[in-house]
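In order, the protein sequences belong to chains A and B. Heads up: the first sequence at position 303 corresponds to 303 in the numbering used here, and the numbers run straight through without jumps. Heads up: the second sequence at position 448 corresponds to 1448 in the numbering used here, and the numbers run straight through without jumps.
Treat the hints with caution; some may be incorrect.
As the list claims (entries may be wrong) - Taking lysine to aspartate or glutamate pairs in the DMTMM-like style, the calculated list, with each CA pair at most 20 Å apart, reads: (1) B:K1402 to A:E212; (2) A:K372 to B:E1117; (3) B:K1030 to A:E23; (4) A:K30 to B:E1117; (5) A:K409 to B:E1117; (6) A:K285 to A:E212; (7) A:K30 to B:E1023; (8) B:K1410 to A:D275; (9) A:K402 to B:D1155; (10) A:K372 to B:D1155; (11) B:K1173 to A:E193; (12) A:K255 to A:E193; (13) A:K30 to B:E1386; (14) B:K1372 to A:D275.
Think of the hints as simulated: they come from the structure by calculation, not from any bench.
Number of protein chains: 2
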Amino acid sequence: MSQIPSIPKGTRDHGPDAMAKREYIFSTIKTVFQRYGYMPLETPAMELLTTLTGKYGDEGDRLLFKVLNSGDFLEGATDEMLAGRDLGGIARVACEKGLRYDLTVPFARFVVQHRDEIAFPFKRYQVQPVWRADRPQKGRYREFYQCDVDVIGSDSLMNEAELVQIMDDVFEKLGIRTRLLINNRKILAGIAEVAGCPGKLTEMTAAIDKLEKIGREKVGEELRERGVSRAAAERIDAFLGVPGDNRTVLYTLGKALQESETGMKGIAELEEVMDLAGATGMEVKVEPTLARGLSYYTGAIFEVKALDAEIGSVTGGGRYDDLTGIFGMPGVSGVGISFGADRIFDVMERLQLFPRESITATRFLFANFGAKETRACMSLVRQLREKGCNAEMYPDAVKIKKQMAYADKKGIPFVVMLGEREMTNGTVVVKTMATGEQREMPADEFMNS
Amino acid sequence: MSQIPSIPKGTRDHGPDAMAKREYIFSTIKTVFQRYGYMPLETPAMELLTTLTGKYGDEGDRLLFKVLNSGDFLEGATDEMLAGRDLGGIARVACEKGLRYDLTVPFARFVVQHRDEIAFPFKRYQVQPVWRADRPQKGRYREFYQCDVDVIGSDSLMNEAELVQIMDDVFEKLGIRTRLLINNRKILAGIAEVAGCPGKLTEMTAAIDKLEKIGREKVGEELRERGVSRAAAERIDAFLGVPGDNRTVLYTLGKALQESETGMKGIAELEEVMDLAGATGMEVKVEPTLARGLSYYTGAIFEVKALDAEIGSVTGGGRYDDLTGIFGMPGVSGVGISFGADRIFDVMERLQLFPRESITATRFLFANFGAKETRACMSLVRQLREKGCNAEMYPDAVKIKKQMAYADKKGIPFVVMLGEREMTNGTVVVKTMATGEQREMPADEFMNS
C-alpha cells in the first residue's frame, strides 16, 4: 500500500500547466476548423475488432490494444487452443473490442454506418486520443491525441485549397513559422511512367520517401533492391533534385512529364490548388518526391514542417479515393489532414510561443487572514468572477508566506491582501508577484481597474 | 464486407449536432471552474489494474474493462490455470491494465504520485470519459463523460461554500432551474447516536437513502431488517419527515440532536457553508436524510435536482477525509462534486434550453455556380472568416436545389448567391433559410453587415 502508485508505460498525466497549453492548441485549431464549416465528431474509444483488424497491416494489428470480454471470456476457446497456448486464437475469442488506433478508420466506419443521415459533402473534425501498443520511446507514446479534419463526398479541388488555408491559419495563429510541402500522387505516377516502370509505383515511392533521411545515392540503391531497373532508377534520380522555385520546378516537371497524361493531370491539379488557395503566410514548396507512405493517397499530398525546430512534420495529409471501400461503400472521395498535437506542443515549448494568458488561469489570489476578513474577501472575489475574471481565495488562514508560495507555484500574478487595517480603511493591498512591489489602493478603484 | 459496420453495445458516436451541444455544456462548466481557480487535469484512459482493483467493491471490480497485455499474454499462466479455465487467475496474469472506471481514483493516484510537485490545496477539474462494463440500458452507457471538480488538502468550509456557488453559477448559465439538497454526514451520525444505534450508521443511511423511492413505511421495515431495534427505528422515523423551511428544519434538528456533539457540529458546519455561500439563485434545501450512498463522505453532502424534469440528480458530491489513504497517503481531506453530463444534456434537450448559437456552427453557405464565381466567392468567404465568422462555400457546382438541401440539413441559416449577374452588378443575393426570403444587396454592404 505504501508503494508509490504509477501509470502504464508510454502513457502520461497532463497536469494543469500542460493542460492549459494543450487546450490552447486544441481550441486554436478547432476554432479555425469551425471557420471553414467543419463540424465536430467523437467516436467511442472502443471499436469492434472486426472494424479495426486488417486496416493497418500486420504490424498495425499487432499494435492494437485488445479489451477482454466481460464474463466468461474463454467461452469460445476450445481445450486445444488453451492446451496449445494458441495466442492468436484465444485473443480472437476472448476479445471482441479494441481501442481505436487512429481517427481515420472510425471516421470511415461512422460515414458508412450513418450514410443515410449525413449531409454530404461531410466536413468533420475530430480531436481525440488514440492508442498504440508501440515500444515506448522518447517522443513516442502509447496514448496520444490526433487532430483530424476531413471532407468526404466531394472531388472539388476547392477542398484541397481550403485545407491549405486552414494549415496557414492554424500556424499563423499559433505563431509557428512553417513550410508546406505539396505534391500529387499523379505526379509520382507520372514519374514512374516516364521512367519506364509504371508497375513499380509503390516500390518507387517507398524508396524516394526516404530521400531526406538516407540521401540520393542510397535511394538509387534502394530502388535497385526493390526491383527497379538501372535505367529506370537513373531516370527517377533526375527528379530527386529538381532545383529552383515553384515556377521553375513546375516548368521542369511539365517538360519531363509531357508524355504522361497522368503526370500532366497531377501538375494541373497542383497548380489549381495553389491558385485557389491564394497567397499564404507560410512558405509553400512544390516537392515532387513527397510521398508520405504512399498507397493511401490518390491526389494531393501535404506535409508541414516547422522552420525553427528540427522535429519532423507537424501536419500531413492528402486526398484518398476509397476510404469507405473497406466497409463496403466504394467510390467516395475525400481529402483530409492531421495535426500532430504532441509535436506542435514541443515546438511551441522550445520556441516559447505559448502566450502568458494560456499558461496562467488565475489572475488574483486573495490572501486569507481569518474568518472576518474572509467574508469581506469573498464578496469581492464573487464580484470579480461575475465580471469574468478568474480569482481565488486561499481557503485557510495559514502563514502568509505559505500563501505566497502557493501563488508562486501556481503562477498567479497578483496577490490581494485585505487585513483588518485595510477593512477599516476601505482599501486593499495588491502585490505584483513578478516584482514584489506592493501597492495600497481603495477597494473600489481595484475593483474597477 | 458489405455488412454495415457498428460499434460496441453501450457506446455512442456523437455526431455534429450532439457534439456542438456537448461542447456548449462542457465549456460552460469549465469556464465556471476556472473562475474559481480550478485547473484542468487529464489522466490516461488506461490505469494499472493494481491502481483500480479493490477500490469500487466486488461489483465494481467485475465492471472494470481489462486490456490484454501485448505479446505473450499467457506467459504468467500455468498449465493448471488454463486446463481449469481459471478466469480470475488468467485475467490477472493476462491483463495488467484496465480502463478507468471513474475520475476519483485516478485523481487520488495522481495526487499521491506527484505529491512533491503539487501546490496544495490542489484545485483541479477533470472532464473525461470513463468506462464500465455495465449491462447497457436506457440512459446507461458503457462509455460516458464525468465532469469532476475537487479541492484536496484543505479543511476550510469555504471550499464547500464555493462549490455551492459553482453549482449555482453553472445551472444559472445553462438556464436549468434546480434545487440543491444539502446535508452533513455528521448530522446522520448524530441521528444514529440519539436514536441509540451509533454502531448502525452505515445500515441506517443505506435504508434512509431509499426514502424517496420506497417511502417512509418501507424504510422502517428496511431498518428493522438491517438489525436496527424497533425503538431506534421509531426514533429515526421522526427525522424522515421534518417539515418546514430550512430555518425550521435546522431548529428542529438542533433540538433533537442536542445530546450529540457530532450532530451539533454537523448542524454548525452546514449553517456556516450556507452562510458563506450567500444568496444563490437556486433553491437550497436542508435535507437531513440525504446520504448519497454513505461511507465515502465525512462532512458535507450535496445533491442537485432539476426542477422541471424528472431525471434523478444532475450533480452530487461531498467531503471525504481519506481519499488518498488507499494509496498510502493518509489524512488528506478533500471536497468535490461531479456534474452528470448525460443527464444535463437530456434535461436541456427536453426543455429546449440549448441556445441557437450552440447548435449552428456555420452562419453562411456560399452557393457554387462554377469556376469563375467560385474564385469571387472564395475571396469573400476568406474575408468573412478573418472577421471571425463561420462561413463555407459549397465545393461542387451541382444543382442549386441540392446545395439548398445541404444548407437545410446542416442548419445553416443563410445561403449567399453570387452568380454571373451579381458579379456584374457587384451584388450578392442572401436567402434566409427559415423564411425563404431572398434579398439582393451590394456586396460591400453584405460584408459590413
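Verification of the supplied hints:
{"no.": "1", "hint": "B:K1402 to A:E212", "result": "46 Å, violated"}
{"no.": "2", "hint": "A:K372 to B:E1117", "result": "32 Å, violated"}
{"no.": "3", "hint": "B:K1030 to A:E23", "result": "11 Å, holds"}
{"no.": "4", "hint": "A:K30 to B:E1117", "result": "31 Å, violated"}
{"no.": "5", "hint": "A:K409 to B:E1117", "result": "9 Å, holds"}
{"no.": "6", "hint": "A:K285 to A:E212", "result": "15 Å, holds"}
{"no.": "7", "hint": "A:K30 to B:E1023", "result": "11 Å, holds"}
{"no.": "8", "hint": "B:K1410 to A:D275", "result": "29 Å, violated"}
{"no.": "9", "hint": "A:K402 to B:D1155", "result": "16 Å, holds"}
{"no.": "10", "hint": "A:K372 to B:D1155", "result": "17 Å, holds"}
{"no.": "11", "hint": "B:K1173 to A:E193", "result": "63 Å, violated"}
{"no.": "12", "hint": "A:K255 to A:E193", "result": "14 Å, holds"}
{"no.": "13", "hint": "A:K30 to B:E1386", "result": "15 Å, holds"}
{"no.": "14", "hint": "B:K1372 to A:D275", "result": "13 Å, holds"}
In terms of the numbered hints stated before, the structure departs from hints 1, 2, 4, 8, 11, listed from lowest to highest.
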